[in-house]
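2 protein chains.
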Amino acid sequence: MNRYAIIMAGGSGERFFPLSRQQRPKQLLPLLGNGKTLIEHAVERCLQVLPAEHILIITSASLQQAIADVLHPQIPPSNIIAEPAKRNTAGCLTLGAALISTRDQNATVAALPADHYIGDTDRFAAALSAAFDVAQSHGLIVTFGIQPTRPETGYGYIELGEPLGEGFYRVRSFREKPDRATAEEFLASGSFRWNSGMFVYRLDIFTAQLAEHAPPFGSALAPLRQALERGDHDALSRCFGDLPNVSIDYALMERTPAIAVFAATFDWDDLGSWDALARIAHPDMQGNVRIGTTVALDCTGTTLANYADSSRLLCGLGLENLVAVVTDDVILVCPQDRVQHVRQIVEYLRSHGMDRWL
Amino acid sequence: MNRYAIIMAGGSGERFFPLSRQQRPKQLLPLLGNGKTLIEHAVERCLQVLPAEHILIITSASLQQAIADVLHPQIPPSNIIAEPAKRNTAGCLTLGAALISTRDQNATVAALPADHYIGDTDRFAAALSAAFDVAQSHGLIVTFGIQPTRPETGYGYIELGEPLGEGFYRVRSFREKPDRATAEEFLASGSFRWNSGMFVYRLDIFTAQLAEHAPPFGSALAPLRQALERGDHDALSRCFGDLPNVSIDYALMERTPAIAVFAATFDWDDLGSWDALARIAHPDMQGNVRIGTTVALDCTGTTLANYADSSRLLCGLGLENLVAVVTDDVILVCPQDRVQHVRQIVEYLRSHGMDRWL
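Chains as they are written, first to last, in numbering that gives the first Met the number 0: chain S, 0 to 357; chain X, 0 to 357.
If you are wondering where the hints come from, they were derived from the structure by calculation, not from laboratory data.
As the structure is a prediction and not an experimental result, all values here were calculated from the model.
Just so you know, even glycine gets a beta-carbon here, dropped at the ideal spot from N, CA and C.
A couple of the hints might just be wrong.
As the list claims (entries may be wrong) - To give an idea of the interface, some chain X residues facing chain S are shown, with a C-beta separation under 7 Å as derived from the structure:
#1 315
#2 332
#3 342
#4 344
#5 346
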């Protein structure tokens, strides 16, 4: 078995406006305040269990160069692939499978988002390594199910089925984002896990399952592979563009019986919006998160995130449950419970010709 | 009678941090968003009723040049005077009286703060002109009492006495800043006015009243005048430095019987803190005030004041009764009801060696 990783890095990430922009989406942000972008962290986590030349980054044409720059010299430029169009995770992983099949028929693949947070990288590496082994030995697609710590309504859930040993289970069901009451039940029951959107599978199993359960994707594999081998960009674009724009969960994972879940214990967050910072960035005694040059007086539950250069100061006085984000050219202020709506600002700018701040 | 004005421009104005700074206090701010500083507005108001060469600006040594630059070429540099020390309004007006006495014994003087807001300049000019006439003809010190529009606890009040005609009254009493209940009574009674800290008086009356009711100031007039005539900076500093550090209200106005009040009807605000903007800057239907390049979505009662250059955008989403102020190097966010405490930020910066932002 040869281990590969596909890092899915095509996201646009408007939810982290104003830090995220069209040309600098979430995966290219140093969100954790340590100077490293999320995609660098994603690559580093992979490097614990597989070699750099087996890491493929799949992104959009507009981000390809920026990502190549960030990952230089670790990742060979030929491993940073631009999708001809946006076709969601199903399109991305089909293209990835076609690409890997041109290089290695004996591959086992980890499909990983570029823009998530993982708290304990050693524990993640151990889980990833174990998932590679189970995927290989059992011929199953392994997902990572995260132990819920709150009744989150923003994630999908996976219901655990029969144990397979060593933290692996059959999947009883996939559940879409629940309402609050259902999320409370899921949390209380102990048998549900957050669907992290990370998968490990043998290339042959993945392609066979695609052919059986997701025919538009399964039947695209051969022409995509041919187009890649010939360097035929037109054929690639045409074939890829014909794919449905759906998630791999919807296209395959919820349909195939060849699936298992690893009940993961590492900290994980999909970093869906600014409130995620308060979960991952170690708030102080008053529940405040402070990034960059800030002063906080009489603040509670407040995130002050100053990503501008250090000549600029962000001051909060008497704030409760507020988020203030400063970049070189935009300042955003909103309550914690409105961070999910930050896209409204992006939409406003787009519809009012204020493109310079997009 | 020759009309003069003393514009008191020595204030430090920390309450408008981060727009106000040590070297750019309130009177040097374009607070009204029209590009003109408050002191320019103060000078323009005077020019409606007296000539530029009769306008004296009294400020601190550290602000003298900045003010001269702002008022160039309207006000002669020799009319922009640096106080040797900070001695409050009593010291300022005593120095002003000594200076004017070296130039003109037949002066009537308007003493005016440099950093207040006045809404209707024509009405103010008419009131000022009338006050000059009454001060001249009656030999009274005329104050301007502003019609209260809310139970403000941040201002002193003047109780109207017998009418003198044409909107002028004797003063029954000066009242210090009241508590809320008392302020409500003052507002309801109709016979109280806000003490605006603006005065008009004949130079001879002012000096005689100082001599009688404020001896430390009255007896300083002659030596200050001598020092000014001789250009003896040491003597000036010594004599001025010996003055008590008290307000002209406390030193003289509350003690002299030779005082009247004009019941003014123009809009006035002392611009004490950021909440003043919402009173003077025409809030929108949702009670929001927006200055500079801003986007406000679902905001109410919120002030978004962006004084940075137009390449920078200030966005508020879902805010209620908040103030966000942006300058080139500082961003301040606080609730409307905490703006009186903005000095705490200034004190924090001072005590933590963060002087670059003072």
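Quick rundown of the hints versus the structure:
1. Using the Cβ-Cβ criterion of 7 Å, the hint placing residue 315/X at the interface with chain S is satisfied: the shortest such distance is roughly 5 Å.
2. At its closest, the beta carbon of residue 332/X sits 5 Å from a beta carbon of chain S; the interface hint therefore holds under the 7 Å criterion.
3. For residue 342/X, the interface hint is violated, since its Cβ never comes within 7 Å of a Cβ in chain S; the closest pair sits about 10 Å apart.
4. Interface hint status for residue 344/X: upheld, as the beta-carbon distance to the closest one in chain S is roughly 5 Å, under 7 Å.
5. Taking 7 Å as the C-beta cut-off, the interface hint given for residue 346/X is violated, the closest approach to chain S being about 10 Å.
Checked against the numbered hints above, the structure violates hints 3, 5; every other hint is satisfied.
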